[in-house]
Amino acid sequence: MAETRIAQEESGPGTEPLPFGPEHEPPTEWMELNMGPHHPSTHGVLRVRLKLDGEIVRDADADIGYLHTGFEKSFEDKTYTQGITFSDRMDYLAPPINNVGFVSAVEKLIGVEVPPRAQAIRVIMMELARVASHELWLGTTGLDLGVYSGFFYAWRDRDLALDLNEAYSGVRMMTSFTRVGGVAWDLPDGWLDQLQRFIDVMPGKLDDFESMLTDNPIWHQRLKGVGVISAQDAIEAGVTGPVLRASGVNYDVRKAFPYCGYENYDFDVPVGTNGDCYDRYRMRVAEMRQSLRILQQAVDNLPGGPWISADRKVALPPRAELSKSMEAVIHHFRLVSEGFKGPVGDVYAFVESPRGELGFYLVSDGTNKPYRMKVRPPSFCNLQALRKLVQGVLVADVIAIMGSLDFILGDCDR
Amino acid sequence: MTVNASAPLVERLGERFKQALQESSEFRGDLSIVIDPASVVEVARYLKDEEGFDYLLYATAVDWPAREPRFTVVWEVRSLADKTRIRLKTTATMPDPHVPSLTSVWPASNWHERETWDLLGIKFDGHPDLRRILMPQSWEGFPLRKDYVSFGEPVIFSDQKLEGLEPDAIRG
Chain A
1 MAETRIAQEE SGPGTEPLPF GPEHEPPTEW MELNMGPHHP STHGVLRVRL
51 KLDGEIVRDA DADIGYLHTG FEKSFEDKTY TQGITFSDRM DYLAPPINNV
101 GFVSAVEKLI GVEVPPRAQA IRVIMMELAR VASHELWLGT TGLDLGVYSG
151 FFYAWRDRDL ALDLNEAYSG VRMMTSFTRV GGVAWDLPDG WLDQLQRFID
201 VMPGKLDDFE SMLTDNPIWH QRLKGVGVIS AQDAIEAGVT GPVLRASGVN
251 YDVRKAFPYC GYENYDFDVP VGTNGDCYDR YRMRVAEMRQ SLRILQQAVD
301 NLPGGPWISA DRKVALPPRA ELSKSMEAVI HHFRLVSEGF KGPVGDVYAF
351 VESPRGELGF YLVSDGTNKP YRMKVRPPSF CNLQALRKLV QGVLVADVIA
401 IMGSLDFILG DCDR
Chain B
1 MTVNASAPLV ERLGERFKQA LQESSEFRGD LSIVIDPASV VEVARYLKDE
51 EGFDYLLYAT AVDWPAREPR FTVVWEVRSL ADKTRIRLKT TATMPDPHVP
101 SLTSVWPASN WHERETWDLL GIKFDGHPDL RRILMPQSWE GFPLRKDYVS
151 FGEPVIFSDQ KLEGLEPDAI RG
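Going down the list, the protein sequences come from chains A and B. Residue 229 in the numbering used here sits at position 229 of the first sequence; the count goes up by one each step and never skips. Residue 9 in the numbering used here sits at position 9 of the second sequence; the count goes up by one each step and never skips.
One or more hints might be untrue.
Unchecked claim - For lysine-lysine, the following DSS-like pairs were computed, each having C-alpha atoms within a straight-line distance of at most 27 Å:
{"id": "1", "chain 1": "A", "residue 1": "K313", "chain 2": "A", "residue 2": "K73"}
{"id": "2", "chain 1": "A", "residue 1": "K78", "chain 2": "A", "residue 2": "K313"}
{"id": "3", "chain 1": "B", "residue 1": "K123", "chain 2": "A", "residue 2": "K73"}
{"id": "4", "chain 1": "A", "residue 1": "K73", "chain 2": "A", "residue 2": "K369"}
{"id": "5", "chain 1": "B", "residue 1": "K18", "chain 2": "B", "residue 2": "K48"}
{"id": "6", "chain 1": "B", "residue 1": "K83", "chain 2": "B", "residue 2": "K18"}
{"id": "7", "chain 1": "A", "residue 1": "K388", "chain 2": "B", "residue 2": "K123"}
{"id": "8", "chain 1": "A", "residue 1": "K313", "chain 2": "A", "residue 2": "K341"}
{"id": "9", "chain 1": "A", "residue 1": "K78", "chain 2": "A", "residue 2": "K341"}
{"id": "10", "chain 1": "A", "residue 1": "K224", "chain 2": "A", "residue 2": "K51"}
{"id": "11", "chain 1": "B", "residue 1": "K48", "chain 2": "A", "residue 2": "K255"}
{"id": "12", "chain 1": "B", "residue 1": "K146", "chain 2": "A", "residue 2": "K73"}
{"id": "13", "chain 1": "B", "residue 1": "K146", "chain 2": "A", "residue 2": "K341"}
{"id": "14", "chain 1": "B", "residue 1": "K123", "chain 2": "B", "residue 2": "K48"}
{"id": "15", "chain 1": "A", "residue 1": "K324", "chain 2": "A", "residue 2": "K313"}
{"id": "16", "chain 1": "A", "residue 1": "K341", "chain 2": "A", "residue 2": "K73"}
{"id": "17", "chain 1": "B", "residue 1": "K83", "chain 2": "B", "residue 2": "K48"}
{"id": "18", "chain 1": "B", "residue 1": "K123", "chain 2": "B", "residue 2": "K146"}
{"id": "19", "chain 1": "A", "residue 1": "K388", "chain 2": "B", "residue 2": "K48"}
{"id": "20", "chain 1": "A", "residue 1": "K388", "chain 2": "A", "residue 2": "K51"}
{"id": "21", "chain 1": "B", "residue 1": "K83", "chain 2": "A", "residue 2": "K255"}
{"id": "22", "chain 1": "A", "residue 1": "K78", "chain 2": "A", "residue 2": "K369"}
{"id": "23", "chain 1": "B", "residue 1": "K146", "chain 2": "A", "residue 2": "K369"}
{"id": "24", "chain 1": "A", "residue 1": "K324", "chain 2": "A", "residue 2": "K224"}
{"id": "25", "chain 1": "A", "residue 1": "K313", "chain 2": "A", "residue 2": "K369"}
{"id": "26", "chain 1": "A", "residue 1": "K73", "chain 2": "A", "residue 2": "K51"}
{"id": "27", "chain 1": "A", "residue 1": "K78", "chain 2": "B", "residue 2": "K83"}
To be verified - Beyond 12 Å from chain A on every Cβ pair, some chain B residues (computed):
{"id": "28", "residue": "Q22"}
{"id": "29", "residue": "F27"}
{"id": "30", "residue": "V41"}
{"id": "31", "residue": "E68"}
{"id": "32", "residue": "P100"}
{"id": "33", "residue": "S109"}
{"id": "34", "residue": "K123"}
{"id": "35", "residue": "P136"}
Since the hints were derived computationally from the structure, they do not count as laboratory data. Beta carbons: idealized from backbone N, C-alpha and C, even for Gly.
With the sequences and hints as input, model every part of the structure.
Shown next, in the form of structure tokens:
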């Protein structure tokens, strides 16, 4: 093609009038453009090779793996309890949901019952994480598209959820609060009041945010009709979460396969119609409001009782028992030194993360460690759809589309 | 999904694919079937078109060095309408483990199969773009195989030899 163009240029102006009109335009060459790995909109370390025809994207190849840490291999070297700390480092914006996903796979394998209070605490922590993650998504995606002030509001509001994480687990992000059979600690004194204040103030803050964006004409122009994916294509591409629901597929793990007692909470699953970036934005904002509804119900109906299973084969005995009971000391020693063993078999357990279905496929060979742990990360599956979504759009829209997919590279690369 | 609800599906599969269906089992409510590698695409096509398993969850493999065949390759699919799941398994043998790709049936398995090739070294015949995805393209070895040791970088001490090299030669 380059030769043709040079030949045209050599025949040059002056010799004959240049043909005019789009059908006579010289054939263009596609340019390859590297976006990332240090592009601010990649939210992690992602490199996308774009093939450009002028300003139009013809093809894209996402190059992932920059944050590959080998968690799946590491799981094989650690006991089931130790593995919990790996799980929150994968999707570092919603660690409680990863914790619950991981232990629910182990609980399914060994068949242990989780007491109702532990389930309610898990639900509270997961919904807080969902709000925090969606807030951060709002802030960063807005920032990518030029809403600078929104970022500060979103970050401020997200910190309220992280404060609650910290007050409960001592850590703002990597909570590691679950244990097989329950949760590590009961809720501290005064925590529910702090949570209630959070539930009370958040709707107003969301209203503020929405008044800035939802009817903003610039926001509409950047997002409406951009990155449209039909329900059929979304299923074919394997996307989940708000991206799938924005395309009109009513699939939410919390409703379809309730876990942790989600069937006892009254909430709606927002479903979109257009499958564009704007619908994905609306899904996430609506989901935050639903999460607040779930949180309020969890606070109102928080069951009493133990917060971890009484099965001494999987859960540590309470500290008070250790000075009185030899048996408790033996259980404690066995659990801390070598953990517990699971039966031979393989299970798949899954939860609804802010990004979609987060699954853990656990293969056990009867020892105290996973023989194989395959994580089904929602970010990985959603990012796979990027290639299809960006074909034919402008480069600037790639930023909006990448933002609307809400992938976390730690989750994607593991 | 209870035993009774899933049993008819296994029966239908057993009737239709007598030769190919090697094993079916249920553990903790998860249904697994083991299919002869030669018939995987055919069974997958049937599951998608006639049983409504439209949604691929993941594909992966498990390495069992002591077993023959060594690798179990796993695809798990779901029917969004019926809310059922089935785990489709097949096997691959050393030294050149390969199974048919299911990207023609479920396009979503594209990246999952690439990842399985990358980390476990299973070749997927008919995959449109089988290259490494998480590890660098130049990487040697398959990290999730059991004989690939974590933290396995060789550390040379002065009293050790590595591959015929004298310690001093290594230190330079």
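Non-conforming hints, listed in increasing numerical order
24, 26, 27, 29, 33, 35
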